[in-house]
Structure formats: structure tokens, C-alpha cells
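Participant: Position chain B against the provided structure of chain A, taking the given hints into account.
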Amino acid sequence: MKKQVSLTKEFVKGIWEINPTFKQLLGFCPTLAVTVSAMNGIAMALATTFVLIFSSLIISLIRKLIPGQVRIATYIVIIATFVTIVDLVMKAKFPELSKSLGPFIPLIVVNCVILGRAEAFASKNNPLRSFLDALGNGLGILLVLTVLGGIREILGSRMIFGAPILPDSFEPWIIMILPAGAFLTLGLLLGFSNTLTERKKRLERESLLNKYRPAKAVTEVKEGGAA
Amino acid sequence: MPTTTANPAYKLELTSSPHVHSRWSTKQAMWFVVISLIPSLIASVLFYGFYQILIVLTSVAVCVGTEAGVKYIRKREITVKDGSAVITGILLGMVLPPNFSLVFTAIGAVFAIAIGKEIFGGLGYNTFNPALVGRAFLQAAFPVAMTTWTIPAFSDAVSKATPLSSLKFDGIPAAIQPMFFGNIGGSIGETSALAILIGGIFLLVFGIANWRIPLSMIIGILVFGALIWLINPAKYPDPLYHLFSGGFLFGAFFMATDWVTSPLTGKGMWIFGLGISLIVVVIRVFGGLPEGVMYAILLMNAVVPIINRYTKPKVFGETK
Chain A
1 MKKQVSLTKE FVKGIWEINP TFKQLLGFCP TLAVTVSAMN GIAMALATTF
51 VLIFSSLIIS LIRKLIPGQV RIATYIVIIA TFVTIVDLVM KAKFPELSKS
101 LGPFIPLIVV NCVILGRAEA FASKNNPLRS FLDALGNGLG ILLVLTVLGG
151 IREILGSRMI FGAPILPDSF EPWIIMILPA GAFLTLGLLL GFSNTLTERK
201 KRLERESLLN KYRPAKAVTE VKEGGAA
Chain B
1 MPTTTANPAY KLELTSSPHV HSRWSTKQAM WFVVISLIPS LIASVLFYGF
51 YQILIVLTSV AVCVGTEAGV KYIRKREITV KDGSAVITGI LLGMVLPPNF
101 SLVFTAIGAV FAIAIGKEIF GGLGYNTFNP ALVGRAFLQA AFPVAMTTWT
151 IPAFSDAVSK ATPLSSLKFD GIPAAIQPMF FGNIGGSIGE TSALAILIGG
201 IFLLVFGIAN WRIPLSMIIG ILVFGALIWL INPAKYPDPL YHLFSGGFLF
251 GAFFMATDWV TSPLTGKGMW IFGLGISLIV VVIRVFGGLP EGVMYAILLM
301 NAVVPIINRY TKPKVFGETK
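Top to bottom, those sequences are chains A and B.
Residues 1 to 227 (this note's numbering) make up the first sequence, in order.
Residues 1 to 320 (this note's numbering) make up the second sequence, in order.
A few of these clues could be false.
[Stated by the list, open to error] Anything over 10 Å on all C-beta distances counts as not near chain B; from chain A, calculated:
no.	residue
1	Val-5
2	Ala-73
3	Leu-166
[Said to hold, decoys possible] Some chain A residues near chain B, calculated using beta-carbon distances under 10 Å:
no.	residue
4	Leu-155
5	Gly-162
6	Ala-163
7	Pro-167
8	Glu-171
9	Ala-180
10	Leu-184
11	Leu-186
12	Leu-188
13	Gly-191
Hints were generated in silico from the structure; no laboratory data involved.
In this text, a Cβ means the ideal position worked out from N, Cα and C, and glycines have one as well.
In isolation and in its complexed conformation, chain A is listed as follows (with noise of 0.2 Å):
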């Protein structure tokens, strides 16, 4: 029996630990292409997570009646209809935003952190767990699509979420909300992203060698018997 895990370490870990864009490096087309502002990175990460959210609850809840053989195409069948929902409900109350994010509303079916989820996590977990899964990894989605899209918007038109940020002797640069902006953009988010990591699990390394580490003056002793 695997250990269980805990339910806040479910929901904490999509944050972070397994963040769909820094750590599963999935859902890349788009993260790179709708976020030329604050607001549109929002918007996106707004729209993925509730497809995300709802599509592991209906998936865990009906996990078992699903036959393994067609189960891709249930799911995807189930993540289409919320797309369908999100997309009509974008384009009838949020019609400016629903043209700024043209297709990629209607292409979150193909995102591949939803079928991730549902595939890796929610097939195999209660819907309560699966739920927040899902919650976590929306929100993983949303602090880095909010980050993208802020870089991204004060660098290449000067302004955050629509607002002048600074001043008019700031030339933008075209670039950075050109689609070559983005990529230079996440790949250094990832590369920062990577250096934290790493800096944490070497601190982790060091701190299990001290403990494990006999002490000064033990070792002392030892050299003095030797000799």
C-alpha cells in the first residue's frame, strides 16, 4: 500500500513542485502565444483551470466505468465540453477579451496539462483529491502566464494590466510582444526556475550531510589513536 498523501500537499504541490509550465514543461503553445499582456495571461490560466478543474472532477468520478481502451478519447469528449462552455460563456459576457485570445480558447481541448492531469492524476484518485490537483495546478498555470504576461507587457508596450507603468522616455521594445519575446522570456523564467531548484536541493544535500557528519572532535580522538 503506498503512503497516502497528504491533502494540502496535493493541492500545495501544482504550485510549485510540479508546476505544469516550470517542472512538466506542458501547455506550451499556449503559454507562449496568448500572453502578450498581464490580463490575457490571466484570462488563459482563468478559462484552462476551470476546464481543468471540472474535467479531473467528472473523470475521477466516473473512473471506474471508463473502459482502458477508449479512455483518451472519453476524456477528451468530457475536457470538450467544458471548452464549449468556456468559450461560449468568453464570447457572450467577455467579448473583447474572447477576441484577443482568438483560438486558444476552443485549442484548450488539445492542452496537454488537462489530459496530463486526467491521464497521471485524476484516473486514479477520488474526486475530492483530484479536485485539488486540479486547483493546484490551475494556480501553477496562473502564477506563471500572470509573471509571462507582466514581463512581457511592461517591457513591450510599458504598461501592466492596461495601465502606463513607465515613463514615455521608455521606448517599448516591439520585440517582447513579438512571439520571439515570449520564448526568450520563459526560457529565462526557466532557467531561473531551474537555478532555484537546484540551489534548494543542494542546500537539502548539505544540510543531510551535516547531520549525518560525526562530530569535530570525535574524529579527533580517532586521529589521535591512530597515531
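Facilitator: The following block gives chain B in isolation, referenced to the frame of chain A:
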């Protein structure tokens, strides 16, 4: 990475292959490159004024500062003295338009060194020519400023366009003679073909740059240019126009010959040079941009590892 033993008398240097013997140390070679760029710099001052020196100096200072800064943050040995950052700085400064903003120059220089070189691990590990990475970034970040040209001093022209952009957008070709001497619109270091040839031949004579790359590029552009020209001489520029306009010669002698980002074998260098010329002609004739030397060199830089793999010389004694 040289490894030294405790006793300096028994110094053992361990470096990875290829072990190419050269007359000059890296440091000496870098100074030869600096000297070879002086004619072009004089030409640019002559045609566009003293401000151009400021652009080049800013670029050099920021490049050196960025290199030292990155090395310091990464806690590595500060290797500014090898002069590679100085060269990157000069080259970047010289491919910018005359009277370019110093702030933009500094941004480009930081990008060239930090993203173009240091992020890959520093000198010797970079795939792309750092100066061209910096220029490509500036081109995409500030497209308007990067295509604002200055009328040269001894010209009665009213148009600020470069020979290539006037041909592309207005259909008016420029005369070959002013292009050769440099009395045309264009980037700081690219204006005078004559000055570039003087500096370039100096590099070749002292063996700093390999002659195969510039030669194959020049042969390539003449051949490919002639092929296109023969199809419709009225519409397409003649091969000499291709050769002397834009940044082609500067790219051939100073950018493509970069040791780190060019192929290792002679055969590879021919493929590299011909490939650049082909892409340049394709971009100039069929592309939306008037000039494509920068993108051509960067694209071929990306192919260099593959060229190296397939042009590897046979091991002695190997059959077949």
C-alpha cells in the same frame, strides 16, 4: 579549461580537441582584428561624423562591463582580458545605423554578451555570433530606429535609403562606384567596401581569419547573383550590386569568420560560405526585407554543428 599542477615547472594543460596550431595567441589575434577594423571606422567617421566613434565606444564599454558582471555573478574567473568582448562590442557598434541612440546601443550590447554568449557558457560555447545576436535583438525591438539611415557627407542624394532598400522599395538601383568607396547610406562599418577589403585582406595575410569563408561567400554571391540576374536583368540587381551593397563584405570578412561559430574543416567552411550567400540572395530577391546578411549568417551558425559532423576528416588508416 587548462589544469595546472602545483609545480609550475611541470605545467600540464588539458584541453579538448580540436588542437589547432596557430601562430598567434587568442589575445594577439583579438588585437589584429581590432586593427583590421580601423579603416572601416575611419571611413564611417569620414562619411557620417565623429558621433559614430561614440556608438562604438559605448558598445565596447557595455560589452566588457556585461561580461565582467556576468562572470562575477556566476563566480567564474573574469576573462575580460582575452579581448573577445571588446571585439563583440566593436562589431556590434559597426553594424548599427549611423547616429543610433546610445541607450539602444547599450541595450543591444548587454543582450549580445548576456544572451548571445554568456548564457551558453562564455567564449567558445556560443552557437551564434554574439554581435549579430545583439543586432538581431535590436532589429526586432526597435525596428524604426534600426532602419533610420543618415545621408553621407559627400553625397548630393536626398534619399536616406540604403542602396538595397531603394532598390527593393522604390526600384531605383544605386551606382556601383559610390558603393565601393562608401559614399552611400548604410550601417556604420559597412559603408565603404574599400575599407572593409583593406582590413579583411590584412586579417587574411596574418592568418587570423580563414580565407576559405570570405572567398566562398564572394564566389557564392557572384554565382547565385548571376543566376538570378540572367533570368531577368531588368528586374534583378547584377552580381556586383549584391557583392558591394549592404553588409555582405563586412559579414564575409568579420562576422562569418568568427572562430567559435564557423566550421572547423576546410570543406565545411566552403559549405558554410556558399550557404550564407545562397540565403542572402534568396532573402534579398524573394524576401520581404531589403537585406539578409545578418539572418543568413545566424542561420548558417545554427547549422555549423551538423556541417562539422559530416565533414569530419577520415581517421588515418580507416578503410572505405
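Participant: Hint by hint, note whether the structure agrees.
Facilitator: Now for the hints, and whether the structure bears them out:
For Val-5 (chain A), the non-interface assignment is confirmed: its Cβ lies about 37 Å from the closest Cβ of chain B, beyond the 10 Å cut-off. Here Ala-73 (chain A) stays apart from chain B, with its beta-carbon at least about 40 Å from theirs, past the 10 Å limit. With a minimum CB-CB distance of about 13 Å to chain B, Leu-166 (chain A) clears the 10 Å threshold, and the non-interface call stands. About 9 Å separates the beta-carbon of Leu-155 (chain A) from the nearest beta-carbon of chain B, less than 10 Å, and the hint is met.
Contact between Gly-162 (chain A) and chain B, as hinted, is not supported at the beta carbon level, the nearest pair being about 21 Å apart and thus beyond 10 Å. Nearest Cβ of chain B to the Cβ of Ala-163 (chain A): about 22 Å, over the 10 Å cut. The hint is violated. Given hint, Pro-167 (chain A) at the interface with chain B, is violated; its Cβ is 13 Å from that chain's nearest Cβ, farther than 10 Å. A hinted interface residue such as Glu-171 (chain A) counts as satisfied when its beta carbon comes closer than 10 Å to some beta carbon of chain B; here the least separation is about 6 Å, so the hint holds.
With its C-beta approaching chain B no nearer than about 6 Å, Ala-180 (chain A) sits inside the 10 Å limit, and its interface hint holds. Because the smallest distance between the Cβ of Leu-184 (chain A) and any Cβ of chain B comes to about 7 Å, under 10 Å, the interface hint for this residue holds. A cut of 10 Å between beta carbons decides the hint on Leu-186 (chain A): the least distance to chain B is about 13 Å, and the hint is violated. With its C-beta approaching chain B no nearer than about 8 Å, Leu-188 (chain A) sits inside the 10 Å limit, and its interface hint holds.
The restraint placing Gly-191 (chain A) at the interface with chain B holds, with a minimum CB-CB distance near 8 Å, inside the 10 Å limit.
Violated hints, in rising order: 5, 6, 7, 11; the structure is consistent with all others.
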